[in-house]
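Enquirer: Here's the letter readout for the chains.
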Amino acid sequence: MKHIFVFVLSAVIIVGGLCSENLREQLQNDFSVFKTDTAEKGVFDAFDTFTDNTEKTVISNLSYHDWAMNAYSTFNRLIGTRVVVKDDITVVRADNGYLGSMRGKAENNTLESYAENVSKLYADAKDNGAEFLYVMAPMKGYDFSYPPNVTDYTISNCYRFSEMIKSRNIPFLSLIETAADEEITAEEMFFVTDHHWKPRWGLWASERISNRLDVKYDKAILDIDNYNIETYEDWFLGSQGKKVGINFTPYGADDFEVITPKFETSLTEKQPYKNSVREGDFTETVLYMNNMEVKDHYSLNPYVTYSGGDFREQIIINHKNPDGKKIVIIRDSYACALVPFLSLVMGETYVVDIRENSGYVGDKLKMSEYIQKIKPDYVIVFYSGLSDSKDLFEFE
Amino acid sequence: MLFSSTIFIYFFLPIVIMAYYLLFYRSLFLKNLFLFAASIFFYGWGEPKFVLVMMLSIIVNWFFGLMVDRAKRKGSKIGIRLAIIATCIFDLGLLFVFKYLNFAESIICSIFGTSPVISKIVLPIGISFFTFQAMSYVLDVARGKGEVQKNILNVGLYIAFFPQLIAGPIVRYETVAYEIKNRRENTEDFFGGFSRFIIGLGKKVILSNNFALLADKAFELAPTDELSTAMAWLGAIAYTFQIFFDFSGYSDMAIGLGKMFGFHFLENFDYPYISHSITEFWRRWHISLGSWFRDYVYFPLGGSRVKKPRLVLNLFAVWALTGIWHGANWTFLVWGLMYFVLLCFEKLSGFNNWKIPNLLKWLYTMLFVILGWVIFRADSISDAMGYIGIMFGITGAGLADGIFTGYFTQSFVLLAIGAICSTPATKQLTRIKSGFVGDVIYAVALTALFALCISGLVSNSYNPFIYFNF
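For the record, the sequence lines run as chains A and B.
Residue numbers in the first sequence follow our numbering, run continuously in steps of one, and reach 455 at the last position.
Residue numbers in the second sequence follow our numbering, run continuously in steps of one, and reach 479 at the last position.
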């Protein structure tokens, strides 16, 4: 009798998992891809891809996918797991319950070559009359304690790279050092479950960068007291949390703040490669509020409410500051939280992402040509600590 | 396709069960045909190119079976022998080409200082299992342990049946010969088989996969200067658990699935880690492989009913072959020969009659089992020796370090569960007094285990498949 109960209950679990609207659609999509791939790659290679894809599709689209992730994260916590190894990342729970991703030690030669490329970019900026600044955004975990069986070289890589930049007399602003000087902890600055910083620190960074560049602007624009802050509680399960499940950390999902100016704004946000133009106020242009319409821990990324995500090129025109300065920002995803606020003190903001990414629309831009074309007042490189992607430093 | 995959659990198995029992149940021929087709699909899902290799094996061994039967009916011993020789040449030849040819070439090249010319040959998954099963068919027909199958479909079903196709157990033809044509499915087997499947799935997804992370970390650190003695032991013990739960988990799933379709496979593991001697260990570990070599190699060579020098030679043959069956690397041969030495010692010294505490016997057994797994897991003999050197403090990063402390504290609960589940203690739990309350508790517990396994698969946790050598 007991075995019959087991079978019946398990059958309910199996059938229940398949009751998903997306699942059938995604499987049909996988089959279409298989047919296309067969013509391009041959049936055996296409079939290999198809079998891999269908497994991932089923896993991602089971009706109780989120519940299953959360259940396993609870199990992991119960048995004392603090390190979860995935194909693409190792997520660790720090002593304070925050999640971190471990990075290996970067080779000196590699860092030197990056620093050399930055030096060349600096020279190009100077040749075109632009003031240059390399900004190192803080990296998560700069003051975290991790268990003794993992070693994270993120911060030590950053410090070594900082010395290389400084030794080349490249204008440099380390927000890691600035945060440390101002006694801002990583817990205050970062999400528990995501590798990014909280949006309010993008506003903070905008002020530090503007002051460092000696930009003339109304200080009220970057004063957080002049912003409305709407907090969405338990809203954001970040990149690290999505890998390990919501209960892997005692805090669950993060709260998420949508910060909008109390004062009037008028902007145009353009993405030339996508033929996209958005006009209106702050919320209508540099925020993508569609990411906040629904709470979905595993499918949505509220962080890209700010700036919309990562794009090859994004241009923001500030109609409230028509005589304002022109800035080119060469960036990674940490700039999502920076750009909306920094664009309010500039006249024109050109945001460029030079990474190799098949998801980007448009070819990679050559920065020397781009700077020559745009003729900015400022060129900043805004990278989170030191990224692993070597293509981030291939400016040509 | 793996049992521990959502495609298998959510699609393949339910469809096969429904079609088998709703569409084809009334006809044994159709049931067998369907199971054979499903098995081919199962294998082809992961290895589409090598389906043809398996089909060739089925056709050729079916033919050899007919040859043996014909020779038997004519009373021709020479005919039987020739058919057996032809079977061995074909099946072992197939195995040699796919599994050992590159290795053999590398040995020749290192002896003569030449460069390899043969491209890397991809090993079809499960070839070691289905080749041995195919040979078992012909050999058992020759020995009179099973009826020849005139219908090639039945031979195909025996060789390719998906529950034991890629990871065993090695089902002897005599075990299932009757059931291919005469089985009677029943609800007790069906539902009991499914429960057994869940237990196996739990061993694989929850236990083995988590031990794998720990073991892989230790072996990854070994060639660097960062592995301490304590961490080396922790990694070795983790691998000891990983391979047991992975292998026995797969066997449980295979046995359970077989029962669901009316087939009764023999047990493959009997709590090997409670053994008090190496002899006992090999009566409890991978029983189907041990008995295959015993019946088809050891006994035909004379077994133990020979003089001591011949006994040693017989053991050498069996254990060298057992080692090399596991993979084309010197490590597997050394692992097999380690057991040869230990078994010779036990047989010739009368170890089982020694009056020493069982605890000491158990420690002796587990010491060599764990060391054996280190050799088995290592990529080379030098890696294995390096690792063992660290285990005994000869080299390495000291006695213990933060890496060990961290991993030990994080895996303590898992180690405890692993230790308990390696003993028959868990068997006692399933013998809860039957009655409605007992049945409900059992059902809830096993269903919860199933749900946890599903969540483990969904979280896309580490899910290694360690039979690529087989």
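In short, the hints are calculated from the structure, not lab data.
Take the hints with a grain of salt, since some may be wrong.
Stated by the list, open to error - Result set (EDC-like, lysine to aspartate or glutamate): computed pairs, CA atoms no more than 16 Å apart in a straight line:
1. A:Lys278 x A:Glu323
2. A:Lys164 x B:Glu114
3. A:Lys434 x A:Asp186
4. B:Lys58 x A:Asp186
5. A:Lys115 x A:Asp89
6. A:Lys145 x B:Asp225
7. A:Lys115 x A:Asp146
8. B:Lys58 x A:Glu323
9. A:Lys384 x A:Asp436
10. A:Lys115 x A:Asp125
Enquirer: For this structure, which hints from the list above don't hold up?
Expert: 2, 4 and 8
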